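Novice: The chain contents come next:
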Amino acid sequence: MHDDPHPHYLTPSYGSTVLRAPSQSLVRPAFDPEAIELVDPVYGHQPVGSLDHDLTRQHEGEPIGERIVVTGKVLDTRGRAVPNTLVELWQANATGRYAHPVDQHPAPLDPNFTGAGRCLTDAEGNYRFVTIKPGAYPWRNHHNAWRPAHIHFSVFGTAFTQRLVTQMYFPGDPLFAYDPIFQSVPDPKDRERLVCAFDMDVTEPEWALGYRWDIVLGATPFEEE
Amino acid sequence: MLTPSQTVGPFYGHALPYAEGPFVVPEDHPDAIELHGRVTDGAGEPVPDALLEICQPGLFGRCATEADGSYRFRTARPDVYIPVLVFARGLLKPVWTRAYLTDEAPFLAQVDPLRRSTLVASPSGERSYRFDIRMQGEGETVFLDHAGYADPAS
Ligand SMILES: [Fe+2]
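Line order of the protein sequences matches chains A and S.
Using numbering that gives the first Met the number 0, you'd call the opening residue of the first sequence number 0 and step up by one each time.
Using numbering that gives the first Met the number 0, you'd call the opening residue of the second sequence number 0 and step up by one each time.
Errors might be hidden in some of the hints.
Simulated pairs of lysine to any residue, SDA-like, Cα-Cα distance not exceeding 25 Å [said to hold, decoys possible]:
#	chain 1	residue 1	chain 2	residue 2
1	A	K72	A	A122
2	A	K132	S	G12
3	A	K72	A	N83
4	A	K72	A	G124
5	A	K188	A	D3
6	A	K188	S	M0
7	A	K72	A	D186
8	A	K72	A	R211
9	A	K132	A	E205
10	A	K188	A	M199
11	A	K132	A	D3
12	A	K72	S	M0
13	A	K72	A	G209
14	A	K72	S	L15
15	A	K72	A	D172
16	A	K132	S	L15
17	A	K188	A	A144
18	A	K132	S	P9
19	A	K72	A	N143
20	A	K72	S	F59
21	A	K188	S	D144
22	A	K72	S	L1
23	A	K188	S	L1
24	A	K132	A	D189
25	A	K132	A	R117
26	A	K132	A	D213
27	A	K132	S	D144
28	A	K132	S	P16
29	A	K132	A	T55
30	A	K72	A	A207
31	A	K132	A	R77
32	A	K132	A	R192
33	A	K132	A	V68
34	A	K72	A	G60
35	A	K132	A	D53
36	A	K132	A	T113
37	A	K132	A	M199
38	A	K132	A	G64
39	A	K132	S	H13
To be clear, the hints were calculated from the coordinates, so they are not data collected in a lab.
Note that the structure is a prediction, hence the values are computed from the model and not measured.
Just need the whole structure built from these sequences, with the hints factored in.
Specialist: Rendered as C-alpha cells:
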C-alpha cells in the first residue's frame with residue numbers, strides 16, 4: 000500500500016481550509032471495474048496549439064523575467080510513462096502578479112504575459128514548457144504571508160481517478176519554511192517531490208535556464224503486476 | 000512516489016475554464032439534461048471560486064462557480080450517476096462526489112441513510128436536476144475516497 004502523500008483537508012494554518020474541509024469521513028466505494036471514475040477523461044474542447052506550451056510567445060513582445068524551460072515526465076506509481084495526456088499550467092508573472100482580476104497585489108502586470116499554457120505528453124510521457132520564472136507574492140492568510148515562487152499544474156492521466164492538480168516549486172526557496180500550503184504535505188520527503196531540480200542539460204546556452212520535474216500519478220487498474 | 004496534491008488556488012481563471020466547458024453535449028442532444036446547483040461552505044456561504052469537473056464515457060465537462068456559488072452543466076443523462084470532482088481555494092486536494100439521478104443504486108445502499116440524499120440530484124424542471132454541494136457541516140455532501148481504489152493491487 001502506498002503511503003498517502005497528500006495534505007489533510009483540514010489544515011488550520013491555511014485559513015481557507017477551515018470552512019471548506021469536509022468534516023465527515025470519506026466513503027470508499029467497493030472496487031468496481033465498471034466505475035465511471037475509471038474512464039479516460041476525454042478532454043477534447045480544442046486541439047492543443049503548437050505554441051500553447053510557450054508562455055513567452057503568446058503576445059506581441061516577450062515577457063519580462065528570467066526565461067526558463069520546465070520539462071519532465073508524467074509517470075504512474077509503477078514508473079510507467081503516461082503518454083499523450085494533457086498538462087495544463089498557470090502562474091504569476093515575474094513580479095508575482097497574476098493576470099486575473101481577483102489578484103490585487105500592487106505589482107505590475109506584464110502586457111506580454113498571460114501565464115497560462117498547456118501541452119500533451121509525448122510517447123515517452125515527456126512534457127515541456129517555455130516560460131519565465133514567476134515571482135513570489137503576498138497573500139492575506141496571516142501577517143506577512145508570502146507564497147514561494149510556484150507554477151500551478153493540472154494533469155489528467157488515463158483514468159479520472161488519476162486527476163491531479165498541484166504546484167511546482169523552485170529549489171532552495173527561503174519561503175518554504177513559512178508557507179502553510181507547501182508545509183501542508185505531511186512528510187518532508189513528499190514535499191521534496193514538489194520541488195523541481197535545476198538541470199544543466201535542460202538549460203539552453205544563451206537562452207534559458209532549465210528545470211526538470213517529474214509528475215507521478217496513481218496507477219490505473221486493469222494492469223497486470 | 001506519488002506527487003502530492005496542492006490547492007488549485009484562486010487564480011486559475013485565465014487558465015482552466017473554457018467557454019464550452021459547461022456544455023458537454025449540444026442543446027439538441029436527445030439525452031441532454033441540465034445538472035445545476037450551488038456549492039456552499041461550512042458557514043452556508045457560497046463558494047464563488049470552485050471549479051467543478053464531470054466525467055462520463057466519452058465526455059468531460061468543466062465549470063467554474065459564479066459569485067453566488069452556482070454552476071450549471073448541460074450533459075448527457077447518465078446510466079446511473081455522474082462523477083463530480085470539486086477543486087477550490089482552501090481544498091488542498093479535490094473532493095469527489097456523485098450525482099445520482101436515482102435513489103436506488105448499490106453504492107447508495109452502502110451510505111448512511113441520513114446522508115444518502117446528498118448524493119441524489121432532485122428534478123427541477125423538464126430534463127433538469129439540481130445537485131447542491133455542501134462542503135462541510137449540516138447536510139454535508141458525501142465525499143468519496145478513491146485513495147487506493149484505482150489501484151487495488153498496490
Ligand atoms: Fe499561485
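Novice: Please verify whether K132 (chain A) and E205 (chain A) have alpha carbons no more than 25 Å apart.
Specialist: Holds, at roughly 16 Å.
Novice: Hinted pair, alpha-carbon criterion (25 Å max): K132 (chain A), R77 (chain A). Please report holds or violated.
Specialist: 31 Å, violated
Novice: Is K132 (chain A) within 25 Å of V68 (chain A), Cα to Cα?
Specialist: Judged against 25 Å, a Cα distance of about 9 Å means the pair holds.
Novice: Would you mind confirming whether the straight-line C-alpha gap from K72 (chain A) to G60 (chain A) stays at or under 25 Å?
Specialist: 30 Å, violated
Novice: Are the Cα atoms of K72 (chain A) and N143 (chain A) separated by 25 Å or less?
Specialist: 35 Å, violated
Novice: Quick one, are K72 (chain A) and G209 (chain A) close enough, alpha carbons at most 25 Å?
Specialist: Holds. K72 (chain A) to G209 (chain A) sits at ~14 Å (cutoff 25 Å).
Novice: Does the structure keep K72 (chain A) and L15 (chain S) at a Cα separation of 25 Å or less?
Specialist: 21 Å, holds
Novice: Does K132 (chain A) pair with P9 (chain S) here, judged by a C-alpha cut-off of 25 Å?
Specialist: Roughly 20 Å separates the two Cα atoms, so the pair holds.
Novice: Would the hint linking K72 (chain A) and M0 (chain S) be met if the CA-CA limit is 25 Å?
Specialist: Roughly 13 Å separates the two Cα atoms, so the pair holds.
Novice: CA of K132 (chain A) to CA of D3 (chain A), is that 25 Å or under?
Specialist: The hint is violated at about 30 Å.
Novice: When you check the alpha-carbon spacing of K72 (chain A) and G124 (chain A), does it fall within 25 Å?
Specialist: Holds: K72 (chain A) and G124 (chain A) sit about 5 Å apart, inside 25 Å.
Novice: Sort out whether A122 (chain A) lies within 25 Å of K72 (chain A), counting only the CA atoms.
Specialist: 10 Å, holds
Of the numbered hints listed earlier, those contradicted by the structure are 11, 19, 27, 31, 34.
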